[in-house]
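Protein chains: 2
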Amino acid sequence: MRCLICLAVFAVMFRPAAVRAADAPKKNVVLLIADDMGLDLGCYGNTRIKTPNLDALAKNGVRFSNAFATVSSCSPSRASLYSGLFSHSNGQYGLAHADHNFHSKPTVKSLPRLLNDAGYRTAILGKNHVIPKEVYPWGQEIPVNGRSVFLVAEKARQFISEVGDRPFCLVVGYADPHRAARGFGNETKYPNVPEVRYDAANVELPYHLPDQPDARQDLADYYQSATRCDHGVGLMLKVLDDAKKTDSTLVIFISDNGIPFPGAKTTLYDAGVHLPLIVSSPVQKKRGRANLAMVSFVDVMPTILDWAGVKAPPELPGRSLLPILDEQNPTGWDVVYGSHQFHEVTMYYPMRMVRTRTHKYLLNLAHQLEFPFASDIYNSPTWQGVLKRGDKMLGQRSVESFLHRPHEELYDLTKDPNELKNLAGDPAQAKVLDEMRKQMRAWQEKTKDPWVVKYTHE
Amino acid sequence: MRCLICLAVFAVMFRPAAVRAADAPKKNVVLLIADDMGLDLGCYGNTRIKTPNLDALAKNGVRFSNAFATVSSCSPSRASLYSGLFSHSNGQYGLAHADHNFHSKPTVKSLPRLLNDAGYRTAILGKNHVIPKEVYPWGQEIPVNGRSVFLVAEKARQFISEVGDRPFCLVVGYADPHRAARGFGNETKYPNVPEVRYDAANVELPYHLPDQPDARQDLADYYQSATRCDHGVGLMLKVLDDAKKTDSTLVIFISDNGIPFPGAKTTLYDAGVHLPLIVSSPVQKKRGRANLAMVSFVDVMPTILDWAGVKAPPELPGRSLLPILDEQNPTGWDVVYGSHQFHEVTMYYPMRMVRTRTHKYLLNLAHQLEFPFASDIYNSPTWQGVLKRGDKMLGQRSVESFLHRPHEELYDLTKDPNELKNLAGDPAQAKVLDEMRKQMRAWQEKTKDPWVVKYTHE
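From first to last, the protein sequence lines are chains A and B. Numbered by my numbering, the letters in the first sequence go through residues 1 to 458 in order. Numbered by my numbering, the letters in the second sequence go through residues 1 to 458 in order.
Don't take every hint at face value.
Identical chains share a label here; the pair holds if one copy fits it or two copies do between them.
In silico DSS-like links for lysine-lysine, alpha-carbon gap of 25 Å or less [said to hold, decoys possible]: (1) K415 / K392; (2) K311 / K105; (3) K127 / K105; (4) K105 / K133.
The hints are simulated quantities; they were obtained by calculation from the structure and are not laboratory data. Note that this is a predicted model, so its numbers are computed, not measured.
Excised from the complex, chain A in its bound form (with noise of 0.2 Å):
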């Protein structure tokens, strides 16, 4: 199976000279999105996993470092990609299947309705989980399962042969490294995916867990569908090659938010929205390289729509980032914001958030709650665990601080990266608590989020 990954690696960094040419036409939009999957990316710094494809894509694209999820949870922030708004303007403001059943708004002009309209062959594989179809009109929703990798890549191959030469957008929704029934999925052998096991004494622990044997054995088996979701990028990467797509193609992969632990998704720390996302085009000059903008998950839209040369929008919040895609550390990308509302319709919570590269400032909107568990985290070896042992902490932060929070949170990220030292109460604070809260009234406004017009109309 080793030899499966060679073989993907070795298409995605031996691609010719020639299929790099600044003048090769800008065409197709491949989109790849794991699900769950936090920064845990060889190229993003962490020893212990293998993401050998990943790794080869960002070494011939680029890897933004400060890129952040709008907020932590599946359908919002997909919706955010395929929408270009904030969940508080798209009406995602939770999951859209099952009990939850939360629709984005009929007025949203889409991703695939944009493209459509362009001329483009628009398709998703996968993992979709935003509705109404209406509102997202793909060509063709192919249904596929998002674990059984190899399938993927064939299903896609099937997709573009189909294309020809007309342009198209290709959306790919892993299911990995997302949690299953049980586990994450790892019990089940997929065709043709070479099964990566890793050691539960061997694996980053991140501070927001706590160091036992069933968290480490939980996050040891979260890597290994993380491996299968990068087997799968390879996979993908060669049958663009094959189709020889590859010059003419903007390849994105992303997350939609963070790890399926406490501390993670459906939270506005970090660990829930700071997460990978690689782009690489044939157009680009310099390959390999990090790019530190602070970019949000609503500048990706504006960016395919610039790739196809579609007009996006005036409403929409972000901008493409093709123009910066050769830069290191271009100006003017400072701050990101974040909104969530639910995650599944029992778990309301509706927060705030204002990113800058030194603090982050949340606003918790119903903070008389006690913040809600998705289903999934509850259930997890690791709560369980905690749970059973009645531990205090979970990781480095208190229990008791993460289930019951205040009005308003502020870190300072330069010397508490891992958001555990709340300073809006400090009075030292006061003039940095102030401007950031007008920052986020600022975009609540220009945003027309109706937790803040509330009261003031019918």
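Based on the hints, put chain B in the right spot on chain A.
Just chain B now, with coordinates in the frame of chain A:
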């Protein structure tokens, strides 16, 4: 204009005896829905308001004196009428329009779908307020200003004329007595609709409103709007008579939720959910009586399906009222349930209710939050007056206890019909409390309440 009212009343009261024959064909349905109307009808004991047409309808049919909405919010309540399900089951957790964007679940087998399948011509005229269309596929959605009640009746006349001899189900969504952007739409003149004004000194002030000029005038304006709706009902019944459909049509009059004043609409107090329900069937034997059965709005859909000879889906919790139309105090109708989640999307406040003839038990699932205000109620002259004066009381209830509620509320309605003295902490009531808790839990499990099963499945 007075003569127009008389004409309509005449049409209702003096329908020929032949029309009432027990063997008349069960065929058509007319469901008339007032918007935000409380029990402010002459036939329900209000001596100050003029509702001659509804009084006449009650005289010709049966007035349910213990009818309860499942929820006091427009879209969720209407969804319970059209789905036969509680709002936590049908997915219509809150308002359907604008930013709120709540949708019923695709699994709902709705009234229009079942009637369409049975060969009925279905239509909804005026206010609908549930989505999506795929779940509620009314044969026609006929737009009309729901306060222009003469026009409403004429649109109904046209629909019934086009239907010919085929069975039909016509739902009429009036816009009265809902608040308008300003007031109750009373400034506008509506063609062929009399203007009936009320003296603010001469209204029946409910227990939950302050005896202040602003609240009295607000209520007088509401009365005017309610009387306009009553006039519309008279016109509608005349249309039925003109079309010779009275002897084959089941007529139901209902409201969606309580009056749009603080203490009523959006609460599960009786002022929010104890509402008018008048049924007039050509085959009933006893007329003009009150029926004391405790009935729920989830009983409306099974009633209509029973009338139409269509089998009700087994998951429906309600029962047909047809077998008890001629009774006064039938056995086995002694408890109703309520389920509220939202009104506007910013107004998360899930509540559950068990209401027997003697007691009410309320569960406030997010009691840590301040009870949220609907925009229209917040901006009403009544509430703005309370704020301006800094009132401590909202009628007989303290503002503080209205805004900040305990987890559980228990009221002995035999001694405390206005639900002012919470007995949930009273040791003498421990047995009653325990029984009602069990009753609620059993109902929640039976109806698959997502707010119960949380954490027990993914």
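Check: In ascending order, which of the hints set out earlier in this document are inconsistent with the structure?
Finding: none
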